[in-house]
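Visitor: Heads up: the protein sequence lines correspond to chains C and R, in order.
Sequence positions in the first sequence follow the working numbering and run 1 to 300.
Sequence positions in the second sequence follow the working numbering and run 1001 to 1444.
Calculated directly from the structure, the hints in this document are not laboratory data.
As the structure is a prediction and not an experimental result, all values here were calculated from the model.
Heads up, a few of these hints could be off.
Said to hold, decoys possible - Result set (DSSO-like, lysine-lysine): computed pairs, CA atoms no more than 30 Å apart in a straight line:
hint	chain 1	residue 1	chain 2	residue 2
1	R	Lys1011	R	Lys1074
2	C	Lys150	R	Lys1011
3	C	Lys135	R	Lys1074
4	C	Lys105	R	Lys1190
5	C	Lys105	R	Lys1431
6	R	Lys1019	C	Lys207
7	R	Lys1190	C	Lys88
8	C	Lys135	R	Lys1142
9	R	Lys1142	C	Lys105
10	R	Lys1142	C	Lys88
11	C	Lys129	R	Lys1019
12	C	Lys135	R	Lys1019
13	C	Lys256	C	Lys217
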Amino acid sequence: MNPILEVRDVRKSYGDFVAVGGVSMSVPPGSIFGLLGPNGAGKTSTIRMIMNITAPDTGEILVFGRPRTPNDLRRIGYLPEERGLYRKMTVMDQLLFLGEIRGLKRAALVPEIDRWLGRVELSKWSGSKIEELSKGMQQKVQLIGTVLHKPDLLILDEPFSGLDPINQELFRELLQDYRAQGKSVVLSTHGMELAERMCDHICLISKGRAVLDGDLKEIKRRLGGNSFRVIAEGDLDRLRAMPEVEQATILNDEIKLMLRPDADGAETLRQMIGFLKVREFRSEEPELEQIFMKAVRDAA
Amino acid sequence: MRLDNIFVVLKREYLSRVKNKGFWIATLAVPLFASAVTILPTLLMSKSHTSQTIVVVDATGQGVAEALKTQMAKTAAAKSKEAAAAPARRPGKGDSRLADFTIEAQTPAADPQAQRNELDARVRNGKGKVDAWMWLGPGVLKDEAAEYHARNTTNFLTQDTLRGDLSEVVRRVRLRQAGVDPARMEELTKRVELDAKQVPGTGTSGGGIAGLIFAVVLFFLLYMSILMWGQQVMTGVLEEKGTRVIEVLISAITPFELMMGKLLGICFVGMTQLAIWLGTVLVLTAPGIVATLAFLPAGMTMPTLTIGMMLNLAFLFILGFFAYATFYAAIGASFNNLQEAQQVASVAVVFIVAPVMVLNQIINDPSSTTAVAMSLFPLFTPLIMPLRIAIEMPPFWQLALAYVLTFSFVIGMIWICSRIYRVGILMYGKKPTIQEIWRWAWYS
């Protein structure tokens, strides 16, 4: 299937500072695509270029299989990283405006807005000014404004920041509904755990470069075949120093262990028993965070 | 460019402002305030009179105190007669006194110091309702001042009336002493008044002074509107930039559509406000109201707003608004916050204020070279042309030329500023220099 969005080796510098130094990614239809990376990696810069807010120095961006036209942009729903609405407008007026600038008619918009406000439990705030709403509520209003025109592609920059777990869950449901309709979502986040729960495709960005890109399950299979969960006591530093160990993340008494691809798990366990009191050793799917850290190290 | 997009933005800009309580407070406050400072004092002066009792000790030996008493009674009687005869007339000169005076004449006692002490005491404890006392020494007939003792000595209006009437009385005594008949003297030194009438077909306003007031009021309404709503454009653009609403908007519409929608929307808000203000002026100057408020001096007719004048005003407001608001839009888009933007925006204020500086000159001679030249300069046209029109209709060619020049200027401003706007609105970070902003206008 043709990708809905394709970014080909896009670069952007501000003076001497390289914000994006070569990012490529491909978003398939019907997917939730995570653009991952630490703060300052270049996620927002990449998104702003996709949205035609800034122009790339080099590289190419294809939307719906062709270079973007202004009409293509109208088929995208975009939630910027820094949230903003007209503070003095009421929720209803604000949403009507956001719908109308995309060519929707007022008569069709009102029931649609009511339906959305009901879904996110903001119905009784419809006549309130934006400035009277809490931050979380404003974020929900803004998300409605992003999806109101039923875009074919959603681009959300850090959509979960500042949301409590209940609202995060609500957002997650909305996005999964969206995917179920065969539409695609691109979301950026630095929260690996969240991305892991939500995304089926990812692109990892570090220092302006894409270090990993593809189907999440496939990436995990490819890169994380040698992961183990270990519960043990003893000289953990010695464990870290073992040549077979690529990465050991220690959380209290639990150790997330990633071995080199060529290392043998059974052999490693045998050696460990020599200096550790091992109570549990079990093969496990790696966490995205471990993959990310490995990928960043490999790239460096 | 899509007109429906511009219309959606226009609608938002207009309604979000007109629905705001602040707009109505500001809009209604101006006429209320204006009436308060113009009509109220007149009303107060004509309706509220106090009476004052003043003891006058006359040491001149020429009956000045008695003459003063007669003089004051005479003016008071004349005033009430005039008021009864013509209620629509405002009290003329000499009648705008705040109080009626009761004069108690005394001759100097054997012990002047005791008399002074006693009068001081009467004023101090208000016994016999004495408000002040005066001592007229013999020197008053030459060049000495008359003493005035009162609880408060900042009552300039009262003192002014006293001074006027006393001078009148003393002048008559002096004339008589010099062997001149005061009545004859008055006849011979009477002032000549100018009865100013406009040649028909040369202008719009009726009477000299009323037409002038009207022109100046128009001038300042336009001045306020252009300045205020121009700056609203700037703060509106800064809000969209600051809240990043802009990033969402330009994924749906072009920066040019957004800017034009905003300019037109706010322009209509300004016109709505002007219409309300002018409507108020029309109502307040309706003949019936003017009469009941006793607002106008005798013989003065109120200027009327003609359709042609209204159209000129509307077009000149639109042009003036666009000449300045496009600049404000570009400045708002270029900077990151109000503080940064305001420094550069003050440049526009210089141009708006300049016509105020030459206001007097233009009023005095609306066809002078300065007035004509300034009214043809696009940045001044929207303020100076209405002023000229209100005072004296300029020749057609000047009006036409002014429109052509200002219109071309506005088109040029829209072109340059929309290009700056387009780049600036998405620029964040460091404050740009003027050179950088200028370069944005020429990006392809």
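Visitor: All hints are to be evaluated individually against the structure, with a verdict given for each.
Guide: Now the hints, each set against the structure:
1. Lys1011(R) with Lys1074(R): 65 Å, violated
2. Lys150(C) with Lys1011(R): 23 Å, holds
3. Lys135(C) with Lys1074(R): 76 Å, violated
4. Lys105(C) with Lys1190(R): Judged against 30 Å, a Cα distance of about 77 Å means the pair is violated.
5. Lys105(C) with Lys1431(R): Outside the cut-off at roughly 39 Å; violated.
6. Lys1019(R) with Lys207(C): Between Lys1019(R) and Lys207(C) the Cα gap is close to 48 Å, so the pair fails against 30 Å, i.e. violated.
7. Lys1190(R) with Lys88(C): Measuring from Cα to Cα gives roughly 65 Å; hence the hint is violated.
8. Lys135(C) with Lys1142(R): 83 Å, violated
9. Lys1142(R) with Lys105(C): Given that 30 Å is the threshold and the Cα spacing comes to 89 Å, the pair is violated.
10. Lys1142(R) with Lys88(C): 72 Å, violated
11. Lys129(C) with Lys1019(R): 12 Å, holds
12. Lys135(C) with Lys1019(R): 24 Å, holds
13. Lys256(C) with Lys217(C): 19 Å, holds
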